[in-house]
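Colleague: Residue strings, one per chain:
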Amino acid sequence: MRKASTAPQWADALPTAGSYFVLTPTDSSPQRLYQQLWHSFYRWDDVGFIDPSDQSVIPFLSVADNILIDSPKNDIVRLRQFLFDNEYTELNTHDFLDKPASNLNETERFYVQLFRFLLLKRHYIITTNFLDHQGVTTFRIFFNLLENVLQATGSHLIMVTGDQEMIDGQPSDRILTADLFTDHD
Amino acid sequence: MLFINRAIASLKYHRRNSIITVAGLATFMIVVLALQMLRQIESAMASNFMTSIGIFPKLVQVQLKLTIQAMQTTHAAVLGQYGNYATYAYLGIFLFLIIVNSISLHHRQSELKAYSATGKSVSWISLQLFVEYFLLFLIAYVIVFALGMLLAFFGTGWLRQLNQTNFSNQLPDVLNTTKTTSFINSLFHEQFTYFNWKELLAGNTVTLNRIALFTTAVRQSFFSFLSIVILAIIGSSWVGVHVWRFRQTR
Chain A
0 MRKASTAPQW ADALPTAGSY FVLTPTDSSP QRLYQQLWHS FYRWDDVGFI DPSDQSVIPF
60 LSVADNILID SPKNDIVRLR QFLFDNEYTE LNTHDFLDKP ASNLNETERF YVQLFRFLLL
120 KRHYIITTNF LDHQGVTTFR IFFNLLENVL QATGSHLIMV TGDQEMIDGQ PSDRILTADL
180 FTDHD
Chain B
0 MLFINRAIAS LKYHRRNSII TVAGLATFMI VVLALQMLRQ IESAMASNFM TSIGIFPKLV
60 QVQLKLTIQA MQTTHAAVLG QYGNYATYAY LGIFLFLIIV NSISLHHRQS ELKAYSATGK
120 SVSWISLQLF VEYFLLFLIA YVIVFALGML LAFFGTGWLR QLNQTNFSNQ LPDVLNTTKT
180 TSFINSLFHE QFTYFNWKEL LAGNTVTLNR IALFTTAVRQ SFFSFLSIVI LAIIGSSWVG
240 VHVWRFRQTR
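Residue numbers (numbering that gives the first Met the number 0), protein chains in the order written: chain A, 0 to 184; chain B, 0 to 249.
These aren't lab readings, by the way, just hints derived from the structure by calculation.
Fair warning: there could be bad hints in the mix.
[Said to hold, decoys possible] In silico DSS-like pairs for lysine-lysine, Cα to Cα no more than 30 Å straight-line:
id: 1; chain 1: B; residue 1: K119; chain 2: A; residue 2: K72
id: 2; chain 1: B; residue 1: K57; chain 2: A; residue 2: K98
id: 3; chain 1: B; residue 1: K112; chain 2: B; residue 2: K11
id: 4; chain 1: A; residue 1: K120; chain 2: A; residue 2: K72
id: 5; chain 1: A; residue 1: K98; chain 2: A; residue 2: K72
id: 6; chain 1: B; residue 1: K119; chain 2: A; residue 2: K120
id: 7; chain 1: B; residue 1: K112; chain 2: A; residue 2: K120
id: 8; chain 1: B; residue 1: K112; chain 2: A; residue 2: K72
id: 9; chain 1: B; residue 1: K11; chain 2: A; residue 2: K98
id: 10; chain 1: A; residue 1: K72; chain 2: B; residue 2: K11
id: 11; chain 1: A; residue 1: K98; chain 2: B; residue 2: K64
id: 12; chain 1: B; residue 1: K11; chain 2: B; residue 2: K119
id: 13; chain 1: A; residue 1: K98; chain 2: A; residue 2: K120
Quantities reported herein were computed from a predicted structural model and do not represent experimental measurements.
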């Protein structure tokens, strides 16, 4: 597949690394907007799309081997250390990396894909409401934790959401409109 | 992780696919091996017939001209037939691998997604799949090697009989004219050869070197098998992954 190398115009609107939110317009759903974004930008090689409903894993390898196929060893060591330091309740961090990827739940699949794109140093990572069923508290813990990582790697996590509550506490420069993406295809 | 580690893990995980592939490959390959042995037996008999005929005086050879021609044509026809069957068997291996690989790719879309997400190229994915099928091919070949050895050492009699039946089915009736038969009878009545006519026709005078029979067949087929596996798997993977990506983006 030939990939476009030039960045889309909306990339200029996100100067600082961190997490961003796109509120879905009322006539659309987060899933639909996410699909639209995928169709418009999947060719760009600096973007990663996280879809936890998607089985994007190799079932006969461990999670660690799945995160980066052919990964350099020290990347996984660093990730292991990171998970160990920030014991995040969602993942049973001590065996998460070593268990086989054959039966992961949606949350675990999300992390596999997220860590994969972070280690691959994709600067733009687009996803949709994956933590909807887990409530806003879990979500805040996660985003606070993630913010540092995103700053360190210079990545932008762009989250398509239909949940007003999620956006409420966020600074205004982190909230994007759907028009930003759909206007410049 | 190396290609080979992933391949071994994959073969264990997709066990049913591995077993089907090994069984199918082994079946086709033993057929090819048997056909090659038949070819060798047949050509040994053809050349033996001509040398045996050479023992007779020129006059007898002229008398037997029609018979000799019929024998030669039939030998050539049978050899060609074995060659054709071998070609069909090779084609069978090729199509079998393409079908198996396409079906298995259909069941392995999550793996394709993971490979694509980590930025692996289509060539890389094809190579990964080829390593898997190469290991299966080696396993199948070990089985075929053992079966071929058994066939060469214990089944040669059966192969000869098969060849003989096939040969006499194709031999034209020219030998059964009364004139020829009486001439041949008178010829062998005098018993100046160490064989009789029936034995000559049946090729019973040929001694076969079973080790040479086996090693030649193996030597002639290994690289043909390998190149067919390379072509079929790399080709169908490359096309298959492209088609999958195209359908993803529609």
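Colleague: Now tell me if each hint is right for this structure.
Modeller: A quick look at each hint next to the structure:
For the given pair, K119 of chain B sits about 18 Å from K72 of chain A by alpha-carbon distance, which is consistent with the 30 Å threshold. Annotation: proposed proximity of K57 of chain B to K98 of chain A is violated, straight-line Cα distance about 83 Å (limit 30 Å). With a CA separation close to 20 Å, the supplied pair K112 of chain B and K11 of chain B stays within the 30 Å bound. Between K120 of chain A and K72 of chain A the alpha-carbon distance is near 16 Å, which keeps this suggested pair within the 30 Å criterion.
The suggested pairing of K98 of chain A with K72 of chain A holds, with an alpha-carbon distance near 17 Å, which does not exceed 30 Å. At roughly 15 Å between alpha-carbon atoms, K119 of chain B and K120 of chain A fall within 30 Å of each other, so this suggested pair holds. Only pairs whose Cα atoms come within 30 Å are accepted, and K112 of chain B paired with K120 of chain A is accepted, the gap being roughly 18 Å. Distance restraint check for K112 of chain B and K72 of chain A: the Cα-Cα separation of roughly 22 Å lies within the 30 Å cut-off, and the hinted pair is therefore satisfied.
Under the criterion of a C-alpha separation no larger than 30 Å, the hint pairing K11 of chain B with K98 of chain A is consistent with the structure, at around 17 Å. Restraint check for K72 of chain A and K11 of chain B: satisfied, since their Cα atoms lie roughly 24 Å apart, inside the 30 Å limit. Between K98 of chain A and K64 of chain B the CA atoms are separated by roughly 79 Å; this puts the pair beyond 30 Å, and the hint is violated. Of the pairs offered as hints, the one joining K11 of chain B and K119 of chain B holds, with about 23 Å between alpha carbons and a cut-off of 30 Å not exceeded.
Under the criterion of a C-alpha separation no larger than 30 Å, the hint pairing K98 of chain A with K120 of chain A is consistent with the structure, at around 24 Å.
Hint compliance for this structure: hints 2, 11 are not met, and every other hint is.
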